[in-house]
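If you want the building blocks of each chain, they are given just below.
Number of protein chains: 2
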Amino acid sequence: MRMNILVALDSNYVKPLRIMLKSLFFNNPQEKFTIYLMHSTLLKQKELVELFTFIKNEGNSLEEVYINDNYFKDAPVNLHFSKEMYYRLLAFKFLPQNLERVLYLDPDILILNSIKSLYELEMKDYLYAATCHNMSFIREINKIRLKPYEIDEYYNSGVLLMNLGLQRQVLHEDDIYEFIDNNQLKLIMPDQDVLNALYPKKIKGLDRKIYNYDARRYLYYKLTTDGKWNMDNVIRNTVVLHFCGRKKPWQESYTGTFHSLYKHYEKLTFPIHALSN
Amino acid sequence: MRMNILVALDSNYVKPLRIMLKSLFFNNPQEKFTIYLMHSTLLKQKELVELFTFIKNEGNSLEEVYINDNYFKDAPVNLHFSKEMYYRLLAFKFLPQNLERVLYLDPDILILNSIKSLYELEMKDYLYAATCHNMSFIREINKIRLKPYEIDEYYNSGVLLMNLGLQRQVLHEDDIYEFIDNNQLKLIMPDQDVLNALYPKKIKGLDRKIYNYDARRYLYYKLTTDGKWNMDNVIRNTVVLHFCGRKKPWQESYTGTFHSLYKHYEKLTFPIHALSN
Chain A
1 MRMNILVALD SNYVKPLRIM LKSLFFNNPQ EKFTIYLMHS TLLKQKELVE LFTFIKNEGN
61 SLEEVYINDN YFKDAPVNLH FSKEMYYRLL AFKFLPQNLE RVLYLDPDIL ILNSIKSLYE
121 LEMKDYLYAA TCHNMSFIRE INKIRLKPYE IDEYYNSGVL LMNLGLQRQV LHEDDIYEFI
181 DNNQLKLIMP DQDVLNALYP KKIKGLDRKI YNYDARRYLY YKLTTDGKWN MDNVIRNTVV
241 LHFCGRKKPW QESYTGTFHS LYKHYEKLTF PIHALSN
Chain B
1 MRMNILVALD SNYVKPLRIM LKSLFFNNPQ EKFTIYLMHS TLLKQKELVE LFTFIKNEGN
61 SLEEVYINDN YFKDAPVNLH FSKEMYYRLL AFKFLPQNLE RVLYLDPDIL ILNSIKSLYE
121 LEMKDYLYAA TCHNMSFIRE INKIRLKPYE IDEYYNSGVL LMNLGLQRQV LHEDDIYEFI
181 DNNQLKLIMP DQDVLNALYP KKIKGLDRKI YNYDARRYLY YKLTTDGKWN MDNVIRNTVV
241 LHFCGRKKPW QESYTGTFHS LYKHYEKLTF PIHALSN
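Line order of the protein sequences matches chains A and B. Just so we're aligned, residue 1 is where the first sequence starts under this note's numbering, counting upward by one. Just so we're aligned, residue 1 is where the second sequence starts under this note's numbering, counting upward by one.
Careful: at least some of the hints might be erroneous.
A pair holds if it fits inside one copy or across any two, identical chains being indistinguishable in the list.
Claimed, not checked - The calculated lysine-lysine pairs, modelled on DSS-like cross-linking and capped at a C-alpha distance of 27 Å, are: (1) Lys267 to Lys248; (2) Lys228 to Lys267; (3) Lys202 to Lys93.
What the hints contain is simulated information worked out from the structure, not anything from laboratory work.
Using the sequences provided together with the hints, build the complete structure.
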């Protein structure tokens with residue numbers, strides 16, 4: 001079957017994006033993918049051509065979704081949040097109107113196994129499917145921070161399955177702008193905050209250790225599952241390995257449990273030239 | 001070109017052996033291999049058939065080199081060392097007499113890159129090529145331990161390129177037995193000790209961080225190269241990653257820098273069944 005993947009990025013993440021896509025293709029050899037790339041002027045033409053060639057050589061297709069920055073000229077923007085944050089929230093407007101479903105993926109990710117169980121998830125009347133932080137202290141902080149919105153869980157927006165058909169029916173662009181205008185000072189991770197505050201009951205929760213495994217927290221997952229989620233289970237059953245946080249595995253100073261694995265996929269993606277950024 | 005690989009193992013290492021071979025095939029897609037498997041009665045027939053099928057499906061061939069235990073009935077054997085230790089030392093006798101060269105590899109290894117530079121090494125009048133421990137304290141201990149033999153370096157026998165043509169001309173089985181008889185009490189790692197004591201000038205030294213990288217010592221290699229041998233260089237330039245020591249990456253309790261990478265190759269090798277031993 002053909003799956004729709006949404007990515008949105010600036011030039012700094014073009015190489016990690018390719019590594020993420022390579023891992024997706026490598027571990028899903030039976031599937032065909034259409035990659036929707038949302039971007040504004042930040043992406044260089046040369047990089048776009050290279051990305052296009054790479055995806056085509058892997059037997060998949062790239063669709064450019066160019067967004068003119070002027071579109072957001074009246075939208076609230078400040079130091080904390082840029083226009084790119086709207087891409088995810090408004091994807092239902094920018095993507096082809098016949099698409100019913102798309103899976104958004106951050107570029108700082110490795111796909112380790114078949115993505116089918118995630119992509120084919122029963123959505124019913126959920127607008128999104130995402131994983132939540134299951135650490136209670138973060139949940140409590142966010143509950144307080146985003147009062148009076150009724151937050152039960154705080155979802156991470158790095159892996160986001162979107163029910164586009166339903167979104168087009170019930171979501172309104174102006175609600176988003178209004179929310180941001182009213183809450184500017186409270187917002188830390190704007191797109192994630194909007195998602196959590198505006199649609200708390202409309203997000204289907206996913207198991208994080210399978211669909212959005214935080215690469216920094218190997219021991220946490222292992223210990224909270226009585227050792228069951230060991231390295232063997234991560235490699236065989238975790239679908240999305242997410243390199244959350246400021247330190248990234250393509251940076252020289254990185255050290256972490258999955259460093260060697262990331263570098264392996266990096267070499268598969270760029271057999272000759274090392275990643276420079 | 002066709003390369004000759006020598007492996008020798010008992011049933012406990014059949015699964016790691018397949019993982020090692022998978023990594024060899026995966027990272028050397030241009031080459032064809034003949035795998036010579038030296039074994040005695042320890043290997044189960046079912047395992048041999050599975051191994052044969054696996055290697056054939058990868059486009060390579062397996063040659064069984066069965067060694068009757070009776071062959072060694074007069075050879076010195078004791079608690080410390082078994083008959084299997086002779087396999088490596090006497091490979092020149094057991095392998096087909098037309099083979100000029102073979103590369104012996106331990107099963108607790110991953111091959112990360114092209115093996116060509118190692119296999120095609122100029123041997124001239126060297127009997128072996130191997131990597132040495134470059135830690136001076138180990139070298140000094142072994143010098144004392146194996147006196148009066150003139151040891152400059154202490155070589156590791158886990159990766160051993162053999163000049164079989166020359167070995168047939170100059171090596172004598174009886175010298176090995178005699179040496180062992182005379183030094184029984186001193187020997188710790190018998191095959192390695194024999195190699196180091198009998199042929200110290202006839203072993204060509206190889207760069208360990210490329211051809212026999214000790215997986216426990218990431219920081220050591222990195223620091224002793226002023227940071228040059230970082231994860232990027234290991235993944236792109238190290239050919240043999242060797243999981244030395246008692247703790248092995250297929251064991252539940254293992255933790256180590258290359259754990260995730262090992263498990264990745266394990267899954268490539270055994271997509272369905274996890275490694276049980």
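Hints violated by the structure (numbers, ascending): Hints that this structure does not satisfy do not exist here, as all of them hold.
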